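**Q** Protein sequences, first through last, are from chains A and B.
Residues 3 to 164 in my numbering are what the first sequence lists, from first letter to last.
Residues 3 to 164 in my numbering are what the second sequence lists, from first letter to last.
Rather than coming from a laboratory, the hints here were simulated on the basis of the structure.
Accuracy of the hints is not assured; some may be wrong.
Which chain A residues face chain B? A few, computed with CB under 10 Å, are given here [to be verified]:
hint, residue
1, L43
2, R91
3, R133
4, M134
To give an idea of the chain B side of the interface with chain A (calculated C-beta under 7 Å), a few residues [claimed, not checked]:
hint, residue
5, S67
6, R71
7, Y72
8, A74
9, E84
10, A116
11, E136
12, A139
As the structure is a computational prediction, the values presented were derived from the model and not from experiment.
Where is the CB? At the ideal position from N, CA and C, for every residue including glycine.
Number of protein chains: 2
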Amino acid sequence: MTESGPGRDPAAVSRFVEGFAAQLVEAGMQRMPARVFAALLASDAGTLTAAELGDQLKVSPAAVSGAVRYLAQQHMVSREREPGSRRERYRVHSDQWYETLTNRESILKRWAAALGEGIRSLGPETPAGRRMAETLAFFEFIDGEIAAMMERWREHRDELFP
Amino acid sequence: MTESGPGRDPAAVSRFVEGFAAQLVEAGMQRMPARVFAALLASDAGTLTAAELGDQLKVSPAAVSGAVRYLAQQHMVSREREPGSRRERYRVHSDQWYETLTNRESILKRWAAALGEGIRSLGPETPAGRRMAETLAFFEFIDGEIAAMMERWREHRDELFP
DNA sequence: TCTTAACTTCACAAGATTCTGAAAAAAGCG
DNA sequence: CGCTTTTTTCAGAATCTTGTGAAGTTAAGA
């Protein structure tokens with residue numbers, strides 16, 4: 003339930019954090035980044051400090067540091083320096099983080115590059131070459147479609163959350 | 003007997019297999035399934051036997067067995083019994099395997115389920131709940147779009163490879 | 001039915017990851 | 001500047017993963 007006062011049920015938060023993190027792990031994400039990310043997603047402000055993360059997840063500052071570095075590299079969180087403090091805050095941009103999922107362009111592009119090289123070295127007219135060419139065409143098609151899809155999403159979002 | 007056609011350079015095949023597998027690994031796939039899959043993708047017939055896979059990849063039958071089981075579960079390859087032999091052949095369907103990439107529905111659905119539970123337990127009107135609701139809406143939107151996108155792909159493919 | 005090829009399962013060793021504690025580095029503040 | 005708080009780095013221990021060898025299971029052919 004929605005609570006005010008001393009706040010939210012820490013047990014409920016923890017259940018969500020661990021459950022969602024587990025799903026992310028299953029999809030290939032490392033455990034600690036997944037937990038840190040889920041904790042940020044479940045925070046009311048959308049930001050937490052390193053100390054809060056370490057405290058809530060019961061891990062060392064070192065682990066938080068490593069996880070946050072990874073998440074920042076993936077553009078899933080950003081770092082903000084709090085004015086008037088030496089603390090750093092880590093933020094999840096609710097309307098942007100999941101766009102990084104579709105920005106796995108880098109991955110599609112690397113797959114495409116590896117396939118292109120395979121086609122070239124095995125020969126485009128060999129059976130294997132043709133099979134790989136079809137796969138490559140698929141990746142290129144998807145790559146083009148995703149931008150349009152995200153544009154439609156933003157319109158759709160603006161209707162849902164005006 | 004499966005003949006590697008004339009002019010097919012085993013070293014070139016191996017380079018592709020290891021390179022493409024490395025990209026798959028980077029995207030979260032286990033190493034052995036990735037190598038087995040890449041080997042199938044690069045095979046001329048689109049099929050290989052367990053013995054051929056073990057031989058080409060220099061791994062034990064046990065490793066092949068585990069990798070193939072995983073790939074079959076993910077519907078990335080299918081198993082065929084060779085008539086008149088006790089061998090099994092493993093096949094990649096060139097025009098279908100990559101559709102499994104978009105069929106990670108299961109993953110989207112599980113993420114959505116975890117988010118839905120989080121929204122319910124933290125409260126849909128809390129800031130965290132609203133953030134999660136937007137993410138959930140995104141996943142639901144994507145889920146709907148993907149089917150349409152794949153339909154467009156099939157049309158596109160039929161133009162490219164009539 | 002028996003034999004034997006082919007695949008699968010399982011315990012374990014080798015290897016890779018991941019997190020911690022401790023020390024170093026960076027950065028605000030007087 | 002020097003003190004203090006916060007973050008980062010790094011070596012190493014604990015934990016997981018992964019592939020192997022060997023035994024076990026299944027199924028084709030005689």
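**Q** Each hint: holds or not?
**A** Now for the hints, and whether the structure bears them out:
no.: 1; hint: L43; result: 6 Å, holds
no.: 2; hint: R91; result: 15 Å, violated
no.: 3; hint: R133; result: 4 Å, holds
no.: 4; hint: M134; result: 7 Å, holds
no.: 5; hint: S67; result: 23 Å, violated
no.: 6; hint: R71; result: 18 Å, violated
no.: 7; hint: Y72; result: 14 Å, violated
no.: 8; hint: A74; result: 19 Å, violated
no.: 9; hint: E84; result: 19 Å, violated
no.: 10; hint: A116; result: 5 Å, holds
no.: 11; hint: E136; result: 6 Å, holds
no.: 12; hint: A139; result: 6 Å, holds
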